[in-house]
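Protein chains in written order, with my numbering: chain A, 1 to 288; chain B, 1 to 419.
Take every hint as true, because none was put in to throw you off.
From chain A, some residues computed to sit far from chain B (all C-beta separations above 10 Å):
| hint | residue |
| --- | --- |
| 1 | 56 |
| 2 | 60 |
| 3 | 119 |
| 4 | 155 |
| 5 | 198 |
| 6 | 277 |
| 7 | 281 |
With the Cβ distance kept under 8 Å, some of the chain B side facing chain A (calculated, not the full set):
| hint | residue |
| --- | --- |
| 8 | 30 |
| 9 | 31 |
| 10 | 32 |
| 11 | 33 |
| 12 | 34 |
| 13 | 35 |
| 14 | 36 |
| 15 | 37 |
| 16 | 39 |
| 17 | 42 |
| 18 | 43 |
| 19 | 44 |
Since the hints were made in silico from the structure, they are not lab data.
Predicted, not measured: the structure shown is a model, and the values here were computed from it.
All C-beta atoms in this analysis are idealised placements derived from N, C-alpha and C, irrespective of residue type, glycine included.
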Amino acid sequence: MSAGPYGALLDAVRGVRWPAARRVTGATLGAHPSQRRGNSSEFSEFRPYRQGDDPRRVDWRLLARSDRAYVRLTTDRATLRTTMIVDASASMAFPEPGLDKWRLARELAVGLASVAHSEADPVGLTIAGPQPLVLAPRARRSVILEMIRALDQTTPAGTSELEPLVTRARATRMVIITDLLGDAAAMLAAIRLRIAARVEVIVVHIVAEQEVEPPPGTLLAVDPERATTRRILDGPMRAAYHASFTGWMHETSASLTAAGARYVRALTSEPASHAVRRIADGSARRGA
Amino acid sequence: MIFLAPWALAIAGLSALGLVALHLVARQRPAVFLLPTTRFVPDQRTLVSRVAARPRDLLLLALRVLLVLAAGAAFAQPVLMPAHGGMARVVLIDGSRDASSADEAFERLRGILGQAVPTSIIVFDSIPSAILPTALDSAMRAPRSGAVGSLSAALVAARRAGATLAEHADSLQLILVSPLARRELDSATMRIRDQWPGAIRVWRSALRVDSSFAWRLEHELAMEDPLGPSVAAMRPAREEQVTRLIRRAPVATDSAFVRQGGTVVRWDSSSATGAAPEGLVAGGDVVVAALGRRAIASGMARARWADGTPAATERRIGAGCLREVGVAMPVAGDLALHARFQRIVRELLRPCGTLPVDTPADSGVILRLVGASTNAAPAAAMRQEKERSSTLARWLLVLAMVFALAELAVRARHEGAVT
Numbered sequence: 001m002s003a004g005p006y007g008a009l010l011d012a013v014r015g016v017r018w019p020a021a022r023r024v025t026g027a028t029l030g031a032h033p034s035q036r037r038g039n040s041s042e043f044s045e046f047r048p049y050r051q052g053d054d055p056r057r058v059d060w061r062l063l064a065r066s067d068r069a070y071v072r073l074t075t076d077r078a079t080l081r082t083t084m085i086v087d088a089s090a091s092m093a094f095p096e097p098g099l100d101k102w103r104l105a106r107e108l109a110v111g112l113a114s115v116a117h118s119e120a121d122p123v124g125l126t127i128a129g130p131q132p133l134v135l136a137p138r139a140r141r142s143v144i145l146e147m148i149r150a151l152d153q154t155t156p157a158g159t160s161e162l163e164p165l166v167t168r169a170r171a172t173r174m175v176i177i178t179d180l181l182g183d184a185a186a187m188l189a190a191i192r193l194r195i196a197a198r199v200e201v202i203v204v205h206i207v208a209e210q211e212v213e214p215p216p217g218t219l220l221a222v223d224p225e226r227a228t229t230r231r232i233l234d235g236p237m238r239a240a241y242h243a244s245f246t247g248w249m250h251e252t253s254a255s256l257t258a259a260g261a262r263y264v265r266a267l268t269s270e271p272a273s274h275a276v277r278r279i280a281d282g283s284a285r286r287g288a
Numbered sequence: 001m002i003f004l005a006p007w008a009l010a011i012a013g014l015s016a017l018g019l020v021a022l023h024l025v026a027r028q029r030p031a032v033f034l035l036p037t038t039r040f041v042p043d044q045r046t047l048v049s050r051v052a053a054r055p056r057d058l059l060l061l062a063l064r065v066l067l068v069l070a071a072g073a074a075f076a077q078p079v080l081m082p083a084h085g086g087m088a089r090v091v092l093i094d095g096s097r098d099a100s101s102a103d104e105a106f107e108r109l110r111g112i113l114g115q116a117v118p119t120s121i122i123v124f125d126s127i128p129s130a131i132l133p134t135a136l137d138s139a140m141r142a143p144r145s146g147a148v149g150s151l152s153a154a155l156v157a158a159r160r161a162g163a164t165l166a167e168h169a170d171s172l173q174l175i176l177v178s179p180l181a182r183r184e185l186d187s188a189t190m191r192i193r194d195q196w197p198g199a200i201r202v203w204r205s206a207l208r209v210d211s212s213f214a215w216r217l218e219h220e221l222a223m224e225d226p227l228g229p230s231v232a233a234m235r236p237a238r239e240e241q242v243t244r245l246i247r248r249a250p251v252a253t254d255s256a257f258v259r260q261g262g263t264v265v266r267w268d269s270s271s272a273t274g275a276a277p278e279g280l281v282a283g284g285d286v287v288v289a290a291l292g293r294r295a296i297a298s299g300m301a302r303a304r305w306a307d308g309t310p311a312a313t314e315r316r317i318g319a320g321c322l323r324e325v326g327v328a329m330p331v332a333g334d335l336a337l338h339a340r341f342q343r344i345v346r347e348l349l350r351p352c353g354t355l356p357v358d359t360p361a362d363s364g365v366i367l368r369l370v371g372a373s374t375n376a377a378p379a380a381a382m383r384q385e386k387e388r389s390s391t392l393a394r395w396l397l398v399l400a401m402v403f404a405l406a407e408l409a410v411r412a413r414h415e416g417a418v419t
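This is chain B alone, in the form it adopts within the complex (with noise of 0.2 Å):
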């Protein structure tokens, strides 16, 4: 048992010691006497003080000293916990649309749930989700959401499970499976997480594989073209999704292909002259470069310059897609060799159909998440008080009147038999 005010009792304590105390040194009524000649006596006071070996009215002692021990314990709240034992876990799985395949993570997560340590385990991707044990295996074999890992959401909701866990447990453990990208981290991730008084600890699964590796793009840039750098710097593909760039207007063959389930991406080569820098948004990424703008034909926009007008559009024909990038690239500088910049020329050349990919989070961050302490969190500090409510105290409560009422009757029964 816990007491969420432990000075009331406290009190009470004190208070029970002064009523004995009161009892000792009570100021007693004597006995009753008729006398005649009262009237001569010297009218000073009806009450005398001595200070007996012993309390008087020990019944009428018993019931005060009840009455504010069980008032006092009841201001107390006193509040009966469960029996705490050992360790309790959380296990974090990344389920969003960054995670590849944690089989290695799920096989060592197979393995100490077998060691009896009450677990929770939660699947995020935008929305956490708490699952049995028992569906570990189910979960594995699901397909990836496609919606981006939060974080934030993810380490709030273990926090949650961390408290009911705590009700029962000495120290709370914390697992992350995930692979960190930088997109499931915002700005009160790390807020939320010095939430969590004690070590991460965060196995790393693999990010999804860039898709720009599943594709193969096809180009007839010349060696002085703008784009040239950033193109370059695209692995050769492996699969046999091909992406076609042209820098002309699209041609019957060019149709064609995209009707087969190609993706062609027309990007006229036309070159900014004097522009003022713009803001071009695509994937998550920013550049604010001397870029140009050109006319490009409506569609699902893929790319918007900072007024929200849009860059590059797509549209679906057949079972492909053609894709205007309206960005004229500036004559000088080095914007196609910025890693920004070539994201979003990767971002603008994938096969249509193809999820938008992340990178890994830094170290630094990585560090921050796993925490300077090495141990896990105290239970203790995940308890939530607050949501304890003490239904003894009512009942102490009711003991107390009931106490408070035999002392009045005791106490009209001794003036009775006084007087």
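Only chain A is shown next, with the shape it has when bound in the complex (with noise of 0.2 Å):
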């Protein structure tokens, strides 16, 4: 299986390095620097040595230099469990035909598992839908192609709850991409609770760009999801109407950004090659 029309997405970040936002805990050897201090060939410090220090790692020429022992000490680098959490509920479905969101969320999804994959970091899916789909994080090659297969064979519909799914994911980086219209506040919760176990939240705010300048004239606004949700949208309405939503994108960022995740806002008009490249320099000027 190919990539489809991913494939120029894929080309466009290859290369791309998207660095843990802080050293990891994992075993397995990988990209990004770990906690741990080990035996690798990257020197890090010099440390005193204390009893029960392993002698092997006793750097004999400053021991000859200095008449004191340290023990030499190399940066270890490990792999960075990464899930994209993939909101597909009906909001996501905007604007019709294109239904640019939904397209935008597949490709950074695609495209920074991508990334993350080309560093040999486990990557999986979460498609919170109606029926939450969740690929395991994987390192094996056709992962990708499992990911692309299973996000177009979604359709956005309906409702989901991404609390849940932040909970349960099994990942040290998580990357949330929704629009942030669904269980904010429940998902915030849960965020913290990530964060406080020392896994690395970003959050992609998918935002279109008829949702920040809507079409002219008057239109009786219907919330896909909630269908009783009908507002008139005229001339004067639209000002106090632009001022509520930024308001509320800009609450939203500073409260997430408060709880210690990453707020990431991406138009739908925004190559989605650019956006991956600025999520990973993102966490490259955060991190590591």
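Please dock the two separately framed chains into a single complex, following the hints provided.
Right, dumping it as structure tokens:
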């Protein structure tokens, strides 16, 4: 199975590095600096010898020069189990007919997974829909194609709850790709708990251009997930809508950031490869 | 076409205009747009008002306007009116016992019947009867009825006939051919006449000749007899019917006279002295005077006292009759000169088998009958609107219901498209 329409994206993100935001605790050898100090060739620091240290790690040349015993510490690297949690609720199926939000969400999930996978990180996928689909993080070569197939077979519909999926995800790095129009408050609480458990959480907020600037004219706006929510959107209402929506985005960003997560806003007008780089580079700047 | 309740049509018209205005300033539900961030739109209303340059939903507007107009027209109760034209005529012909020959009147009638004017002819005595114009000749030749004529009944019949003719005419003429005997009028006649909203043309025919002119009176009254002045007022007879007035008991010759067809009236000459005033009724006339009562033989009552006791009786004997009058004249007084008493005396002395006669109505009554106006009655005032039923109204209501159902269907389709 080929990558299909994702081929260009995968080519564009080849070579992008997505380091961990902090030292990882994994035991498997990987690309991310580990919290362990081990026997790799990358020198880290000298530490005075303490009783119990392995004598083979004593730097004899430094002993000869200083008459003091120091052990040589090196930096170990480990893998980072990464999972993508993708929101597949009805609000993601916007706007019609291209469903740009869902397209961007899929592309971001595939692109980020591809970047992580290229660094030997096990990657997994959770599609949050009425029937959640979970692909456990794997490092095997076919995992990206499996993710592509699972995403292509999904049509956003209904409502979904991200909080239980965030709570149960078995990963050290979690990328939540959502429009935050579902159970954002519950999800935030779960995120806090996962961050406290030293999980790196990145929330990618998918926003459509037409959500920021709805089409002109007088419209009867209807929420696709709650049909009873109907509001008139006309000239006098647009300013109030814009202020309310942007205010909510800022509040949400502040809440997630305060919780320790990383908030990234991705507009549907932005190429997915660009967003992937931005996310990866941002982690690099914040992290290790 | 006329409308029995035109105000309903006016209300419907105003309502239709209001509907058009509402469709210009309609509260409209705009096009639906699925927006996931709808919750951030302030919750104020779901309808917007705007003034359009032209009405929206033309089909819906047309159905609503038609519905309102059809319902309004139904409530306005339209009635299709037949075409009106010209004049119509009602002719009342007196065929009662008081009417004598009306040849001249009938000749005039024949002349105007040839004018192609719709005419209703009513021959009346106590009961009015309509006849066809083609039956006029036989009505002329028919013997006079023995019933007293009733102008009240005739005028009521004329009113009804006029209402029927008014459906197809602009004006109505009423012609009354009658001697207008006094007895033919009653206390309701003038009120009924007032129901005819126009002039009445009166063609006076001759009153039936007083039978007293057709019989001869024999009497043996003395000069000082109190009945003398009443009898003297009668004119000499020209016919051979004879009434013999006797002031004594009948004798053999009187009986033979009666058997041969004559009439003998026994009116004894006793006088009433100190009698209390009594009411005497005969032939429709009443007098109250100090009359005395005398016993008489039983028979058919020709006059009665006020208490109902016969004052004069008549018995048929052979071809004639013997009449006994139990009225004692007062000794003094001018009762015999009173016209009413003289009519009573004439009634009591007329031969057996003859009809009582009447006098013509006075000129004031006749002027009232004719009326102050000289115009024919307007047909519009005669038409019986209450009898009109608006069958069109039912069909208009059905049409309105059809429009209402169509409006519901179109509106449901519109709302389905919106949602």
